[in-house]
Amino acid sequence: MATLLLTIALVGSNMDAILKQSVALEIRQQVTDNKHLVASFKNPQDLDAFVENQIKQRIDALGLDKPWYYPPRLGLSMYKILTLDFGHAKFLTSDTGSSDVKDIVLEKMPRTILLFTTATLIISLIGIFLGALSGSKINSKLDKITSTFAVISSSFPVWWIGMLMIFVFAFVYQIFPARATPLIPVTEPGYLGALLYHMTLPLITLVLIGFGSWAYLVRNFIVGIMQEDFVVAKRAAGISEKKIIYTHALKNAAPPIVTVLALSLSGSLGGAIITEAVFDWPGMGRLYYEAITVLDLPVIIGETYVLTAFFLVSIFLADILYGYFDPRVRKG
Amino acid sequence: MSFSSKEISHEFSKNKIGLVGIAILGTLFVLSAIAVVTIPIESFKEWDDPAGWLTFPKSALPAWVNYFLSEKMPEHIILQNPQVLSQNVGEIFLTTHIFAVDYNYDKFPSDFIYEYTAKYSGSPLLQIWVVRPDGKELKLISTSLPQSKIETSYHGFIFSTDNSMIKNLRKNHDNLMFPIESLLAQDIVFSKTDVNKVLNGYYSFKVSLYNVKSKPSLELSKFILGGKVYGLMGTDELRRNLTVGLLWGTPLALFIGITVAIGSVVIGLIYGVFAGYKGKKTDESLMRFNDVIYAMPALPLLIILAVTIGNSIFLIVGFLVLFGWVGIAKVSRSMALQIKTLQYVEASKMMGQKDSKIIFKHILPQLLPYAFASIAISVPAAITTEAGLSFLGLGDPTFPTWGQILHDANTYGAAARGLWWWILPPGIMIAVTGLAFVFIGHAMDVIVNPRLKR
Numbered sequence: 001m002a003t004l005l006l007t008i009a010l011v012g013s014n015m016d017a018i019l020k021q022s023v024a025l026e027i028r029q030q031v032t033d034n035k036h037l038v039a040s041f042k043n044p045q046d047l048d049a050f051v052e053n054q055i056k057q058r059i060d061a062l063g064l065d066k067p068w069y070y071p072p073r074l075g076l077s078m079y080k081i082l083t084l085d086f087g088h089a090k091f092l093t094s095d096t097g098s099s100d101v102k103d104i105v106l107e108k109m110p111r112t113i114l115l116f117t118t119a120t121l122i123i124s125l126i127g128i129f130l131g132a133l134s135g136s137k138i139n140s141k142l143d144k145i146t147s148t149f150a151v152i153s154s155s156f157p158v159w160w161i162g163m164l165m166i167f168v169f170a171f172v173y174q175i176f177p178a179r180a181t182p183l184i185p186v187t188e189p190g191y192l193g194a195l196l197y198h199m200t201l202p203l204i205t206l207v208l209i210g211f212g213s214w215a216y217l218v219r220n221f222i223v224g225i226m227q228e229d230f231v232v233a234k235r236a237a238g239i240s241e242k243k244i245i246y247t248h249a250l251k252n253a254a255p256p257i258v259t260v261l262a263l264s265l266s267g268s269l270g271g272a273i274i275t276e277a278v279f280d281w282p283g284m285g286r287l288y289y290e291a292i293t294v295l296d297l298p299v300i301i302g303e304t305y306v307l308t309a310f311f312l313v314s315i316f317l318a319d320i321l322y323g324y325f326d327p328r329v330r331k332g
Numbered sequence: 333m334s335f336s337s338k339e340i341s342h343e344f345s346k347n348k349i350g351l352v353g354i355a356i357l358g359t360l361f362v363l364s365a366i367a368v369v370t371i372p373i374e375s376f377k378e379w380d381d382p383a384g385w386l387t388f389p390k391s392a393l394p395a396w397v398n399y400f401l402s403e404k405m406p407e408h409i410i411l412q413n414p415q416v417l418s419q420n421v422g423e424i425f426l427t428t429h430i431f432a433v434d435y436n437y438d439k440f441p442s443d444f445i446y447e448y449t450a451k452y453s454g455s456p457l458l459q460i461w462v463v464r465p466d467g468k469e470l471k472l473i474s475t476s477l478p479q480s481k482i483e484t485s486y487h488g489f490i491f492s493t494d495n496s497m498i499k500n501l502r503k504n505h506d507n508l509m510f511p512i513e514s515l516l517a518q519d520i521v522f523s524k525t526d527v528n529k530v531l532n533g534y535y536s537f538k539v540s541l542y543n544v545k546s547k548p549s550l551e552l553s554k555f556i557l558g559g560k561v562y563g564l565m566g567t568d569e570l571r572r573n574l575t576v577g578l579l580w581g582t583p584l585a586l587f588i589g590i591t592v593a594i595g596s597v598v599i600g601l602i603y604g605v606f607a608g609y610k611g612k613k614t615d616e617s618l619m620r621f622n623d624v625i626y627a628m629p630a631l632p633l634l635i636i637l638a639v640t641i642g643n644s645i646f647l648i649v650g651f652l653v654l655f656g657w658v659g660i661a662k663v664s665r666s667m668a669l670q671i672k673t674l675q676y677v678e679a680s681k682m683m684g685q686k687d688s689k690i691i692f693k694h695i696l697p698q699l700l701p702y703a704f705a706s707i708a709i710s711v712p713a714a715i716t717t718e719a720g721l722s723f724l725g726l727g728d729p730t731f732p733t734w735g736q737i738l739h740d741a742n743t744y745g746a747a748a749r750g751l752w753w754w755i756l757p758p759g760i761m762i763a764v765t766g767l768a769f770v771f772i773g774h775a776m777d778v779i780v781n782p783r784l785k786r
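For the record, the sequence lines run as chains Z and F.
Going by the working numbering, the first sequence opens with residue 1, and the numbers climb by one from there.
Going by the working numbering, the second sequence opens with residue 333, and the numbers climb by one from there.
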């Protein structure tokens, strides 16, 4: 709640400025388009005065004369956003033609979740397995390769690797399409298949960039746990190393891993903006990018809210899950 | 917890990864120095002005690829010192400039441009002919310059993409044994007659300026054969020299990364230490505020800020600091909580020292190693985030960064068209710069947290 308020606070004054500007532009456009009206003024000063007056009236009517922190306005906009009423988009429409921001966002959301949730799940599976493996054999070849790969892969921007992948797989070897938006319309029966085919390239990119740092993270957790007394005791009791790692050590590493998983899931949604722009994936990130390029304010506000909500929910979930996996934090 | 600077440098010199990081960073600084010294900032600021780059080739490969290719790509040739002839027959005056070139490459040039400044009065006629190695003479263009009653100088370009030039050449159809409907002017001019392959040898381009009554002159006269390779790094679709962009990107990236890192670490440190040291309600409220910022999705808000407030490079640095200090504040608060229970801090409190003095003199110095490590670690994040913003087209257009080069590459679809030299170098530069700081940060981390040494 506080975050939402702050988001509006942060954005509100800017939004107002932009709204006022766009109102002014709109009216100027309307007046200049209306030849009769323009002709009825004798000199430019009168015309200017008239336009100014009109702008002022419109601003007053929209309530823009009051600052964004004016309580009734703030309350109204907060209430509207909380009830998911984002208003209508100015330029953008959903594939089905609706200009309701809610429709647009709801249409794009499943695609973003499809791509990024799949990617995150694959990444975390590979990461946990590889991390556990290299964590159990510190300083082995595998461990060193994993660590090096983690450091190197995390310093490349995902979207740049995306461009490279497009270069390699869409230009040099023409296996995958460069644009991830399927060409056939949504209503066709083959749409899902085409969507999945177009999803391959972004998915490979995300996994390739992501799993290294995951493995490194899990490895570090495991290394820490393997030095604990209870592991030494288990080892002394003759329990096999494999069993210690996969049942006991991983279980103990679970709380931080789950936290990171929840955070990276929501974090990836934010990062999706650039990735989707590169691959032209028709999800929320690209919608955000498009909304910014044409300055479609209702869409921007709605999306920011949805992204923030996702982020908050996942932080909250991560906290709860942490408490569930690690009973020690429950008392405190 | 405490280290002397001697110990740190000693430990550091033993750490190979850290030394590699320092070496890369040093190279980057040398590159920045080269950029600042050799390329004046004014010329770099014209990066976004397409007119300034007209005489460069379009989407040319880096020149060194010729060493790896069996077929030699044409280099960019600027012919500047023509042979000048002038004659007059009665009232008609003629000035002719002849540019000769030995064309010895296996590929057609990417285009050709004639740039000129003509000084005349009246309405002169400009004609360009080319004499090919096989003796054939082709008329390229015949155009008249804008009329002027008084003596005037006119600056103009003639491009090989000019429609009338292509039409003139297509009239030449019967000379050639292959269809030329879809060919560009340069592919016809430089072609053999039997197959569409490059005819090597001496070409001379003859530019004639006819005028009545007064003698016209060509003040500036340049014939440019657009290469398919250019410079160290090639050029992009807008004919910009990528070497310039990449070189200048280095100091910019370093500036952004280091300023953001130092700014956010300093703010985070002071904020966290203050909260931790004060404790109780101050701590509680400061940390709640910290949580609020922490709970905000950084990238969407950064984008909104960049769109609404402005995208000057300094503002962007400020925005990045705004979201960068949060994590550091959290860690330094918990460190401060430990340190403030140490006896010497309590003792100085007893002696009635001011809070600010205790914080700055007794607690902060203890956190310095941690601070340096986190500066090094937060630089790459700042650089990639800025690159990401620029990539979305929200960067400062007056200071093009690597991210912006990639943004342009993406808008022109460089990846799907295979213009690898436009994509690879900026990304590698971003990654290498990031890696240098990661290495240094890693090495410092090992010193600060001896537990990691295993």
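To be clear, the hints were calculated from the coordinates, so they are not data collected in a lab.
A virtual CB, placed ideally from N, CA and C, is assigned to each residue, including glycine.
Treat each hint with caution, since some may be false.
Which chain Z residues face chain F? A few, computed with CB under 10 Å, are given here [unchecked claim]:
id, residue
1, 166
2, 238
3, 310
Keeping only pairs whose Cα atoms sit at most 25 Å apart, straight-line, the calculated BS3-like set for lysine-lysine is [unchecked claim]:
id, chain 1, residue 1, chain 2, residue 2
4, F, 612, F, 529
5, F, 451, F, 468
6, F, 468, F, 481
7, F, 404, F, 529
8, F, 348, Z, 141
9, F, 471, F, 554
10, F, 693, F, 338
11, Z, 144, F, 346
12, F, 499, F, 390
13, F, 348, Z, 144
14, F, 346, F, 439
15, F, 610, F, 529
16, Z, 137, F, 348
17, F, 612, F, 686
18, Z, 141, F, 346
Going down the list of hints, with the structure as the test:
For residue 166 of chain Z, the suggested interface contact is upheld, since its CB lies about 4 Å from the closest CB of chain F, less than 10 Å. The closest approach between the C-beta of residue 238 of chain Z and any C-beta of chain F is roughly 25 Å, which is over the 10 Å cut-off, so the hint fails. The beta carbon of residue 310 of chain Z is positioned within 10 Å of a beta carbon in chain F (closest approach about 8 Å), and the interface hint is therefore held. Of the supplied pair hints, the one linking residue 612 of chain F and residue 529 of chain F is violated, its CA atoms being roughly 83 Å apart against a limit of 25 Å.
Simply put, residue 451 of chain F and residue 468 of chain F have alpha-carbon atoms about 31 Å apart, too far for the 25 Å limit, and the pair is violated. A threshold of 25 Å between alpha carbons decides the hint, and for residue 468 of chain F with residue 481 of chain F the separation of about 37 Å lies outside it, so the pair is violated. Simply put, residue 404 of chain F and residue 529 of chain F have alpha-carbon atoms about 13 Å apart, close enough for the 25 Å limit, and the pair holds. Taking the CA atoms of residue 348 of chain F and residue 141 of chain Z, the gap is about 18 Å. The hint holds against a cut of 25 Å.
Pair hint residue 471 of chain F plus residue 554 of chain F holds up; C-alpha atoms about 18 Å apart against a cutoff of 25 Å. For the suggested pair residue 693 of chain F and residue 338 of chain F, the alpha carbons sit about 20 Å apart, so the restraint of at most 25 Å is met. As the CA atoms of residue 144 of chain Z and residue 346 of chain F are separated by approximately 19 Å, the hinted pair is consistent with the 25 Å bound. Restraint check for residue 499 of chain F and residue 390 of chain F: satisfied, since their Cα atoms lie roughly 23 Å apart, inside the 25 Å limit.
Pair hint residue 348 of chain F plus residue 144 of chain Z holds up; C-alpha atoms about 15 Å apart against a cutoff of 25 Å. Distance restraint check for residue 346 of chain F and residue 439 of chain F: the Cα-Cα separation of roughly 53 Å exceeds the 25 Å cut-off, and the hinted pair is therefore not satisfied. Between the alpha carbons of residue 610 of chain F and residue 529 of chain F the distance comes to roughly 80 Å, so the proposed pair goes past 25 Å and is violated. Taken as a hint, the residue 137 of chain Z and residue 348 of chain F pair is honoured in the structure, with Cα atoms around 22 Å apart against an allowance of 25 Å.
Using a Cα cut-off of 25 Å, the hinted pair residue 612 of chain F and residue 686 of chain F holds, with the two alpha carbons roughly 18 Å apart. For the hint pairing residue 141 of chain Z with residue 346 of chain F, the CA-to-CA distance comes to about 22 Å; that is within 25 Å, so the pair holds.
Checked against the numbered hints given earlier, the structure breaks hints 2, 4, 5, 6, 14, 15 and satisfies all the rest.
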